[in-house]
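Trainee: Listed below, chain by chain, are the residues.
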Amino acid sequence: MSAARKEEEARRSVFTRRALVLGGIQLGALGFLGFRLNKLQVEEGERYATLAEENRISARLVAPPRGRVLDREGKVIAGSQLNWRALIVAEDARDVPAVLDTFSKIVPLTDTERTRIEREVRRRRRFIPVVLREFLSWEEMARIEVNAPDLPGISVDVGTTREYPEKEHLAHIVGYVAPPAEADMGEDPLLELPGIRVGRAGIEKHHDKTLRGRAGSIRLEVNAVGRVIRELDRREGQPGQDVQISVDAELQRTVRGRCEEGTSAVVLDARTGEVLAMATQPSFDPNLFNAGVTAAQWREWTSKRQTPLINKCTNGLYAPGSTFKMIVALAALEAKVCTPGDRVPCPGYYDLGDTRFHCWSKYGHGSLDMRGGLKNSCDCYFYEMAKRTGIDRIAAMANRFGLGVDLEIELPGTRRGLVPTRAWRQAQGKPWNLGDTVVHGIGQGFYQLTPLSLATMTARLATGRAVQPHLTRTIGGRPIKGVRPEDWPSLGIPERDLRVVREGMWAVVNETGGTAKVAQLPAGMGQLAGKTGSTQVRRVSREQRERGFRVEAMPREWRPHALFVSYAPYDNPQYVVMVIVEHGSSGAGAAAPIARDIMIDTINRFRQPVNAPPARVAEAAAPRNQ
Amino acid sequence: MMLREPAVYERRLLMKQHSFGILEKLWQIPWLFVLMLCGVAAIGYVALYSAGGGTPDAYASKHALRFGFGLVIMLSISLVDIRVIARFAWVGYAAGVALLVLVLVHGNVGKGAQRWIDIGPIQLQPSELMKIMLCLALAHWFHRASWERMGNPLFLIPPALAVLVPVALILKQPNLGTALITGMIGASMFWAAGVRWWKFAILFAGVGFIAPIAYERLHDYQKARITTFMDPESDPLGAGYNIIQSKIALGSGGMWGKGFLQGTQGHLNFLPEKQTDFIFTMIAEEFGLVGALGTLGLLALVIIFAMLTALRCRHQFGRLLALGLGTNFFLYVFVNIAMVTGSIPVGGVPLPLISHGGSAVLTVMLGFGLLGSAYVHRDVEFAAARE
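Going down the list, the sequences are from chains A and B. Residues in the first sequence are numbered from 122 upward in steps of one, following the numbering used here. Residues in the second sequence are numbered from 61 upward in steps of one, following the numbering used here.
So that you can see chain A by itself, here it is in the shape it has in the complex:
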């Protein structure tokens, strides 16, 4: 018994030792787990917390609504059109083919559409909506909604596309939008969103960032399979701001109605430089860029001689012809090479050395002072003035009047044109001859000027201020600078010099013997002052001249361009109208009547003062009929 007890004791002590070893190992193992937990949860906790957040949070950008472009009356000229889309969620539909069959009875689906839908349904996860059809009509949408009980899983939602209600009337000003190109990416994360559009031309391009706004973002909680559980938070982006421009859509339509193909017209507010209308024929429908322009459409546009995509008011380059003579007169007066009363004889030609320069009137104008020179548009008078003044002083004066300089108008791609100088010619490695100066005195030669710059010149002549043509009136309802006449500095031309030129322009229209009596305004509308111009596109040879050639006998594309610059009322200038008729032959015959009609339209349109004081500018964005 004692031995058995002893053995029992020995067995127990072996067990105790070994059990303690085993227990120690076990506690050690549990301690290791505790250590491991500490490492995971505390030491690396932050890393895993980030991973957990990445798991559960899906951030999505939200496209802000693009700002509208409004005309000066607050009418929408570039807005967002609602795009109603039908969507299907496979999970809710259960039997997708059956639901599609029912849907086809309401809104017919083509086989291609159906294949695409079924492919997308198969490929995507079952709770992700698939687009059935975009751009639903109101009627289609209503039919879908009415039949909703038979269409499980189908819903209608709304996106936006850009819409230009004025279509081709304002295309060249407002521009258009298109999907961003690869090169635009990276600049703004917003551009990577599907369906986003960027401005590609005109106001849409110039004010693209303002109109676009800033992207908002939503942070969504998603579960392991990507289903959205809830919206965690939403950072509102900044919606695009509305841009109001100075153009009046109604006037614009009227002006365009008066322009035939090849005709361009610019209407400015003389005192502020605001563009009231700017029309070019032909034009295009900017809505076509929304869905993407087809290759055929593009070919049609670019193959034409008169391509509709180019705004000839800002990008067409022409010699100014006689419309330039006011600049020569002012340069001469400033250079003090003559007085307004100095007379220059005109026998119908002007000899410089061996070269004979012709006046447009082969019988001559007799002896003319400056006012007479302008009234009759006598070439000989301005040959002489140019010779006395010199090309560089003429060019400097032209630049002061906005010719050949960057006018900074909000239309990307606008050309600055060319006003030649001696240095410019020499840079080409050619000498500048006195003969060149003489020719440039009547606005022929190397000049390349846009209709917009000639309109600007006219506004500056009428007001004596350095008004800049511009389009933006308010951004987000806040007026911008330059809407008041006082915002523009004086040109620094003496008033008496300007008066001579203005009187000359008045006489052109309102005096017997003026070159553009046709442009007289009807009684009660004030008086219009203007200047005609016609610029040769082909040189007239001596032979032709001696035979007494007739412009009407020439092929149309050889005929000179017809120009007319004007402002009214004469005693209180408010509006500038500039018209150019390509191959219109004569300024007085082709351009002046159109300009007169446009002036009448403009005056009628703005019977009230056109320039609302700044406080009222903001109200213009709201509809008028309140």
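FYI, nobody ran anything at the bench for these hints, they're computed from the structure. Beta carbons: idealized from backbone N, C-alpha and C, even for Gly. Misleading hints may appear alongside valid ones.
Chain B regions said to be covered by chain A (calculated; three or more residues, Cβ under 8 Å) [what the hints assert, rightly or not]:
no. : stretch
1   : 302-313
2   : 359-369
The following residues of chain A were derived to be distant from chain B, with all beta-carbon distances above 10 Å [claimed, not checked]:
no. : residue
3   : Val183
4   : Val267
5   : Ala304
6   : Gly474
Derived DEER-like restraints, expressed as beta-carbon distance ranges [unchecked claim]:
no. : chain 1 : residue 1 : chain 2 : residue 2 : range
7   : B       : Gly113    : A       : Asp222    : 44 to 54 Å
8   : A       : Pro218    : B       : Leu321    : 39 to 49 Å
9   : A       : Thr171    : B       : Phe260    : 41 to 51 Å
10  : A       : Asp222    : B       : Gly114    : 33 to 43 Å
11  : A       : Val163    : B       : Ser121    : 30 to 40 Å
12  : A       : Thr171    : B       : Leu263    : 41 to 51 Å
13  : B       : Leu92     : A       : Arg351    : 44 to 54 Å
14  : A       : Val163    : B       : Phe129    : 33 to 43 Å
15  : A       : Arg168    : B       : Leu92     : 39 to 49 Å
Knowing the structure of chain A, use the given hints to seat chain B on it.
Mentor: Frame of chain A, contents of chain B only:
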């Protein structure tokens, strides 16, 4: 060893030499231990409440019911005389093996792992039951072992077979994790019974030799578990996904956790099988390191109690039984938590009393009933061998 006054100790000893009354037994039941188990089950209830999406309906209330049932079984078994239990040790073992064979023939197969038999509303996993029966059988065998017998290698062959037969049957299921755990329980009991060091050295050498051959014969999914364990990021959406998501859930819990019902990994289903194998991750995510270590600590107390019971038993049967059951529980806890922390390969082992699943609760409570009996009858006269 046990910190008690000799006088009290001796009195108890005399009192319990033979048998004692039911009231005394009830008094002797380790109520503190029962309280610990209730605490563990309560943690399970809270975690399953969260895993069920914030309601008790999905898992938690069933869990409470099962635990209650298990508690009744445990307390009943605690009152049964340990000597009576010992008498039925091999009967239980035989029944366990029979069930393992039955499950191989007739059982239902889950996700490529555990096999179970439906007994009424309960799903019984014989492999879980087998581990407890193995403890009983080995405790009974070594209880009779005298020194000379222990020295005789032939005496070790029957218990070795008693371990290898169920291990082989479980491997056949196939369930690598449980087979390994069963083997380790057997090894621990051999060790505690006093088998010599060098015999274990031979055993490990043999295992080291067989392991590569065995690896070749593993199923592909079993190989995948081992390889993805080595480098979970190598296959983040495939087999490694569970480990990565589990680690993210654990790590993102931080020190104090995300708060009850606030665990994003669990509630958004990034966490796989969150109510069963990955329940600990759920706790660690929502209650942080504090909650995780608290749970781990409570589980450690349960294991420590089993070990203390083993040390206090005055008979080898009770000692070995308590040690085997304690080791069984330890292996559950260790394998499960090591698995979810990415420390060992994933292997379908639940966290006892916390994970959702009926048969695990019942078999664990059955085991604790035996442990309870060993505790209550720790001082009874239970002769090793008749001489």
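Trainee: Now tell me, hint by hint, if it's right for this structure.
Mentor: Structure-based check of each hint:
1. Check on the stretch 302-313 of chain B: 8 of its residues sit with their Cβ under 8 Å from a Cβ of chain A, so the three-residue criterion for coverage holds.
2. Look at the stretch 359-369 of chain B against chain A: 5 of its residues bring a Cβ nearer than 8 Å to a Cβ of that chain, three or more, so the hint holds.
3. With a minimum CB-CB distance of about 22 Å to chain B, Val183 (chain A) clears the 10 Å threshold, and the non-interface call stands.
4. Distance to chain B confirms Val267 (chain A) as a non-interface residue, since its nearest Cβ pair spans about 38 Å, more than 10 Å.
5. Every CB of chain B is more than 10 Å from the CB of Ala304 (chain A) (nearest about 35 Å), matching its label as outside the interface.
6. The Cβ of Gly474 (chain A) sits about 90 Å from the closest Cβ of chain B, beyond the 10 Å cut-off, so the non-interface label holds.
7. A hinted range of 44 to 54 Å for the beta carbons of Gly113 (chain B) and Asp222 (chain A) is inconsistent with their spacing of about 37 Å.
8. Between Pro218 (chain A) and Leu321 (chain B), the C-beta spacing of about 41 Å keeps the proposed range 39 to 49 Å intact.
9. For the pair Thr171 (chain A) and Phe260 (chain B), the beta carbons lie near 46 Å from each other, so the given range of 41 to 51 Å is met.
10. Between Asp222 (chain A) and Gly114 (chain B) the beta carbon distance is about 41 Å. The supplied range of 33 to 43 Å therefore holds.
11. One distance hint, 30 to 40 Å for the beta-carbon pair Val163 (chain A) and Ser121 (chain B), holds here, with the actual separation near 34 Å.
12. Checking the proposed 41 to 51 Å range against Thr171 (chain A) and Leu263 (chain B) shows it holds: the Cβ atoms sit about 46 Å from each other.
13. Take Leu92 (chain B) and Arg351 (chain A): their Cβ atoms lie about 45 Å apart, and the range 44 to 54 Å holds.
14. Range check, Val163 (chain A) to Phe129 (chain B): about 39 Å between beta-carbon atoms, so the 33 to 43 Å window is met.
15. Between Arg168 (chain A) and Leu92 (chain B) the CB atoms are about 40 Å apart, so this pair conforms to the stated range of 39 to 49 Å.
This entry does not satisfy hint 7, going by the numbered hints stated previously; all others are met.
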